[in-house]
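Sequence lines, in order, name chains A and B. Quick note on our numbering: the first sequence kicks off at 1 and runs consecutively. Quick note on our numbering: the second sequence kicks off at 844 and runs consecutively.
Fair warning: there could be bad hints in the mix.
In silico contact screen, one side only, chain B against chain A (beta carbon under 10 Å); selected entries [as the list claims (entries may be wrong)]:
| no. | residue |
| --- | --- |
| 1 | R860 |
| 2 | N864 |
| 3 | S869 |
| 4 | F928 |
| 5 | Q953 |
Derived from the structure by calculation, the hints contain no laboratory data. Note that CB positions come from ideal geometry on N, CA and C, so glycine has one too.
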Amino acid sequence: MILVFSLMGSLIPSAMLFILPFAALAYFFAPPTFNLNDPRDLPVVVAFLVASIIGTHLIGKVRREREVALEAAARLRRSEAELRDREKQWREIFEHNPVMHFMVNATGMVLNVNTFGATQLGYAPSELVGHSVLKVFLEEDRPFVRERVGLCIETVGQSHTWEIQKIRKDGSVLWVRENAKAMQWAEDKLVVLIACEDITERKRTETALRRSEAHLAQAQELSRTGSFGWNVATGEVHWSKETFRIFQYDPSTKLNPQLVVDRTHPEDRAAVRETIDRAFQNEEGFEHEYRLLMPDGSVKHLHALARAIRTASGDIEFVGAVTDITAAKQAEQQLRRSEAYLAEAQHLSHTGSWSWDVHRLEFVYRSAETDRLFGFDPEQAVSIETIRSRIHPDDLPRLQEVPRQAIEDKGGHFEYDFRILLPDGAIRRIHSVAHAVVGSDGSVSELIGTHMDVTEQHAARERLERALAALRESEQRFRDYAETASDWLWETGPDHRITRFSEHTSAAGILATRVVGLLRWEIAGDVEAEPEKWRQHRATLDARLPFRDFIYRTVTQMGSPIYVRTSGKPFFDADGNFLGYRGVSTDITATIRADQAERELRKAQAELAHVTRVTTLGELTTSIAHEINQPLAAIVTNGEACLGWLGRETPDLSAARCSVEWIIEDGIRASEVIRRIRALAKKGEIEMVPLDINDIVKDVIALVTRELVSHQVSLRTELTPALPLILGDRVQLQQVITNLVMNGIEAMQTVSDRPRELVIRSSHDDMGRVHLAVADCGVGITEEDADRVFNPFFTTKSSGLGMGLSICRSIVEAHGGSLSIARKQEPGATFQLVLPLHKEVVS
Amino acid sequence: MSTPPLISIVDDDGSVRAAINNLLKSRGYIVHTFVSAEEFLRSPHLNGTSCVITDVQMSTMSGLDLLTHMRAQGYSAPFIFITAFPDDRVRARALSAGAICFLAKPFAGQHLIRCLDTALDKHRGGASA
Numbered sequence: 001m002i003l004v005f006s007l008m009g010s011l012i013p014s015a016m017l018f019i020l021p022f023a024a025l026a027y028f029f030a031p032p033t034f035n036l037n038d039p040r041d042l043p044v045v046v047a048f049l050v051a052s053i054i055g056t057h058l059i060g061k062v063r064r065e066r067e068v069a070l071e072a073a074a075r076l077r078r079s080e081a082e083l084r085d086r087e088k089q090w091r092e093i094f095e096h097n098p099v100m101h102f103m104v105n106a107t108g109m110v111l112n113v114n115t116f117g118a119t120q121l122g123y124a125p126s127e128l129v130g131h132s133v134l135k136v137f138l139e140e141d142r143p144f145v146r147e148r149v150g151l152c153i154e155t156v157g158q159s160h161t162w163e164i165q166k167i168r169k170d171g172s173v174l175w176v177r178e179n180a181k182a183m184q185w186a187e188d189k190l191v192v193l194i195a196c197e198d199i200t201e202r203k204r205t206e207t208a209l210r211r212s213e214a215h216l217a218q219a220q221e222l223s224r225t226g227s228f229g230w231n232v233a234t235g236e237v238h239w240s241k242e243t244f245r246i247f248q249y250d251p252s253t254k255l256n257p258q259l260v261v262d263r264t265h266p267e268d269r270a271a272v273r274e275t276i277d278r279a280f281q282n283e284e285g286f287e288h289e290y291r292l293l294m295p296d297g298s299v300k301h302l303h304a305l306a307r308a309i310r311t312a313s314g315d316i317e318f319v320g321a322v323t324d325i326t327a328a329k330q331a332e333q334q335l336r337r338s339e340a341y342l343a344e345a346q347h348l349s350h351t352g353s354w355s356w357d358v359h360r361l362e363f364v365y366r367s368a369e370t371d372r373l374f375g376f377d378p379e380q381a382v383s384i385e386t387i388r389s390r391i392h393p394d395d396l397p398r399l400q401e402v403p404r405q406a407i408e409d410k411g412g413h414f415e416y417d418f419r420i421l422l423p424d425g426a427i428r429r430i431h432s433v434a435h436a437v438v439g440s441d442g443s444v445s446e447l448i449g450t451h452m453d454v455t456e457q458h459a460a461r462e463r464l465e466r467a468l469a470a471l472r473e474s475e476q477r478f479r480d481y482a483e484t485a486s487d488w489l490w491e492t493g494p495d496h497r498i499t500r501f502s503e504h505t506s507a508a509g510i511l512a513t514r515v516v517g518l519l520r521w522e523i524a525g526d527v528e529a530e531p532e533k534w535r536q537h538r539a540t541l542d543a544r545l546p547f548r549d550f551i552y553r554t555v556t557q558m559g560s561p562i563y564v565r566t567s568g569k570p571f572f573d574a575d576g577n578f579l580g581y582r583g584v585s586t587d588i589t590a591t592i593r594a595d596q597a598e599r600e601l602r603k604a605q606a607e608l609a610h611v612t613r614v615t616t617l618g619e620l621t622t623s624i625a626h627e628i629n630q631p632l633a634a635i636v637t638n639g640e641a642c643l644g645w646l647g648r649e650t651p652d653l654s655a656a657r658c659s660v661e662w663i664i665e666d667g668i669r670a671s672e673v674i675r676r677i678r679a680l681a682k683k684g685e686i687e688m689v690p691l692d693i694n695d696i697v698k699d700v701i702a703l704v705t706r707e708l709v710s711h712q713v714s715l716r717t718e719l720t721p722a723l724p725l726i727l728g729d730r731v732q733l734q735q736v737i738t739n740l741v742m743n744g745i746e747a748m749q750t751v752s753d754r755p756r757e758l759v760i761r762s763s764h765d766d767m768g769r770v771h772l773a774v775a776d777c778g779v780g781i782t783e784e785d786a787d788r789v790f791n792p793f794f795t796t797k798s799s800g801l802g803m804g805l806s807i808c809r810s811i812v813e814a815h816g817g818s819l820s821i822a823r824k825q826e827p828g829a830t831f832q833l834v835l836p837l838h839k840e841v842v843s
Numbered sequence: 844m845s846t847p848p849l850i851s852i853v854d855d856d857g858s859v860r861a862a863i864n865n866l867l868k869s870r871g872y873i874v875h876t877f878v879s880a881e882e883f884l885r886s887p888h889l890n891g892t893s894c895v896i897t898d899v900q901m902s903t904m905s906g907l908d909l910l911t912h913m914r915a916q917g918y919s920a921p922f923i924f925i926t927a928f929p930d931d932r933v934r935a936r937a938l939s940a941g942a943i944c945f946l947a948k949p950f951a952g953q954h955l956i957r958c959l960d961t962a963l964d965k966h967r968g969g970a971s972a
């Protein structure tokens with residue numbers, strides 16, 4: 001720059017003027033780039049533009065001076081000798097001028113280029129000289145360059161200026177402003193001199209500015225925000241394109257403040273005027289919302305914001321923005337409506353919504369219903385303590401755990417339940433659904449959720465659960481009853497096939513899976529044996545009547561027969577359609593067996609009682625005799641008396657008659673005694689059936705076991721198996737054998753020097769007759785007594801009448817057999833009973 | 844025949860008692876009947892009794908007990924036993940105790956009269972002796 005000053009003395013002022021704006025630019029723009037959106041930068045931009053224009057003007061001036069210099073140089077060159085030094089000087093200037101200079105001929109071939117110019121393009125001057133100048137232009141610009149060069153040639157001496165891009169050797173592009181002029185060169189050849197100024201920076205700035213303006217316009221359009229300026233003093237109004245659009249005025253409309261008033265909704269005009277008047281008076285910014293009434297009748301909501309700035313001339317100017325907030329207003333109204341709906345819905349559904357700031361531990365938002373659920377005052381912020389105080393103490397730890405878990409899990413929905421404890425002591429049960437909001441930093445910042453009041457549902461559910469539990473318990477109770485009272489439960493369908501069978505049938509050994517699908521009469525084993533029973537049972541089922549204690553026989557899995565007692569009840573659906581039977585069954589095999597055994601036992605006991613009566617007949621005969629002999633004595637005596645009265649000298653007929661009457665009375669009395677004794681000894685009808693004598697012996701043993709034990713007598717039996725059957729009355733034969741056994745026991749009563757043993761022996765002889773012997777080892781029977789023991793009234797007992805053996809012999813003889821003393825061994829006696837066979841008797 | 848002999852009958856069976864009474868009256872005896880030994884012992888006829896006809900089996904005091912008791916009291920009136928339940932041992936005891944007869948019911952009327960006559964003779968003889 002110093003060199004330039006020194007060489008170009010006359011140019012110093014212009015150079016200074018040239019540099020100063022740039023310096024000023026540098027001062028204003030660097031280091032930060034200005035922002036067109038910022039109104040504060042506007043003066044800078046304006047200053048820049050002004051400086052640029054001034055610079056450009058100065059540069060033009062410089063060029064014109066340079067052309068003068070060139071013409072002078074041309075003149076000088078024609079005077080070679082004189083001007084050589086000056087040429088050299090000029091060459092230096094040309095070479096080092098910070099402007100690119102090209103000299104091309106009419107065909108566009110570079111004749112000369114200064115070093116600065118070549119260097120700027122990345123070439124050595126020699127690389128360009130002799131080549132087409134088009135080489136440094138973009139392909140698409142080359143026709144333009146030819147045209148421009150041609151124009152210069154046609155208008156010799158006239159300057160032409162244009163802006164174009166040039167390509168560096170490395171392919172990069174720079175913007176230049178070219179100033180060209182054709183002139184006569186030696187030998188009348190025309191050359192075109194071109195000076196190029198690098199305007200890349202300016203171009204870039206212009207592009208940026210245009211882009212900024214485009215962005216601003218775009219932004220205004222998108223944001224429905226127009227900008228405006230209003231100089232109150234001058235009445236000058238500036239509107240951006242978007243402002244025109246918002247007010248629906250043609251951009252060519254001449255602006256004045258009345259336009260705004262015209263468009264303002266009549267209802268809002270007063271307020272608008274008031275706002276603006278106040279702004280004028282106070283000279284300060286304003287912000288207001290108002291409505292426009294558009295020509296088509298529609299209404300727009302505007303938000304205007306302005307600030308007062310003082311212009312360079314000291315006037316107040318309002319600069320501001322106006323935003324069409326119709327959509328926002330509508331959205332807001334919509335939102336308000338939605339919120340109203342939501343609040344109503346929340347109230348109806350008892351569902352509150354909320355948002356919780358997990359860092360600040362407070363509600364970011366809580367709906368009215370949330371407040372109602374917690375009993376909060378909607379107008380007041382609630383502290384974390386208040387919130388905690390409203391949560392049931394038992395649920396507090398769990399509830400505090402929820403956000404922590406949500407934060408750890410980072411997002412996703414989660415649900416939890418808790419109870420709210422209201423100040424009045426009431427408890428609300430809340431079911432909460434929430435999710436965590438994950439911020440851009442990946443951490444959970446907020447929980448959003450709903451609280452649903454499920455107190456009623458919970459109560460209802462508890463009631464239901466209680467009812468169900470009661471029902472279950474009741475069902476279990478009845479099941480227990482049924483299962484306790486029976487072995488299994490069953491159900492049949494309308495077709496009487498078993499549909500259900502309770503599992504606890506193992507006791508009876510019946511497998512449920514085997515009987516399901518079968519009919520009862522398919523399971524039973526006595527259908528053929530007892531057709532009438534089953535016919536009645538099926539009639540009951542067909543009539544759909546309940547039945548009780550129906551007994552049938554079936555077999556277990558193991559194949560053993562069991563008796564089942566079953567009771568059932570038909571059941572119907574709500575419409576009265578028959579669905580089948582339900583019932584219980586019990587294995588009563590043991591009961592039936594016990595009944596049979598008991599019947600047997602009772603029969604045996606009855607028989608024993610009878611046998612006992614018979615065996616004690618000996619004792620009875622004492623009183624029998626007495627009872628009979630008394631009337632007999634009276635009869636005989638009265639008979640004698642009667643004879644006495646008749647035999648008198650004067651027969652006393654009256655006394656004789658009286659005696660005979662007494663005789664008759666006593667005769668009747670005697671017969672009455674006989675009748676009573678007969679009744680005592682009588683036992684049903686005698687029944688002659690085929691019998692096995694061994695069975696009768698076993699019966700007797702069962703009956704006399706107690707007697708054997710109490711008299712310390714051991715019993716030995718020698719029973720021959722498979723004896724032929726005899727025909728007889730079981731009870732009478734039992735009496736005979738019992739009598740023999742009892743006699744044996746009695747005969748051994750005094751025995752103390754040897755074991756008291758009784759032997760019962762059964763056999764049959766060659767004649768096929770059955771023999772039964774009862775042997776004792778008692779006192780025995782003397783030879784003399786042996787002939788008489790069977791006589792009536794023979795007895796060796798002090799208290800007996802000796803009827804026992806006599807009766808026994810009578811019974812045996814009535815059976816076609818005999819009873820005798822078989823042997824008179826020492827010690828003891830053996831009685832032998834011989835009975836003919838069944839067939840023998842029949843034949 | 845100064846005073847006819849007084850016969851006392853002791854038997855708890857009413858019809859037998861009545862029948863013997865009937866028989867003896869038909870034969871002209873003076874007879875008193877008693878339901879039990881105790882009644883007889885309390886009777887004013889005890890001393891005047893020439894012969895006692897008594898049942899052996901009676902509910903409280905048996906005929907044998909009555910004989911033993913009366914002998915112990917010094918009464919020597921002869922005894923005729925009658926019984927509906929004749930037992931050899933009882934018979935032996937009764938006879939050894941001094942009974943004139945031991946008759947099983949029913950007995951023949953003349954058999955009782957014969958016993959009674961024997962007893963009265965014996966008593967009279969005894970008394971005269």
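Hints and how they fare:
For R860 (chain B), the shortest C-beta to C-beta distance to chain A is roughly 9 Å, which falls under 10 Å, so the interface hint holds. Hint on N864 (chain B) holds. Least Cβ distance to chain A is approximately 8 Å, under the 10 Å limit. This hint holds: S869 (chain B) has a C-beta 3 Å from the nearest C-beta of chain A, less than the 10 Å allowed. With its C-beta approaching chain A no nearer than about 5 Å, F928 (chain B) sits inside the 10 Å limit, and its interface hint holds.
With a least beta-carbon distance of about 7 Å to chain A, the hint placing Q953 (chain B) at the interface is held under the 10 Å criterion.
Comparing the model with each numbered hint stated earlier shows that all of them hold.
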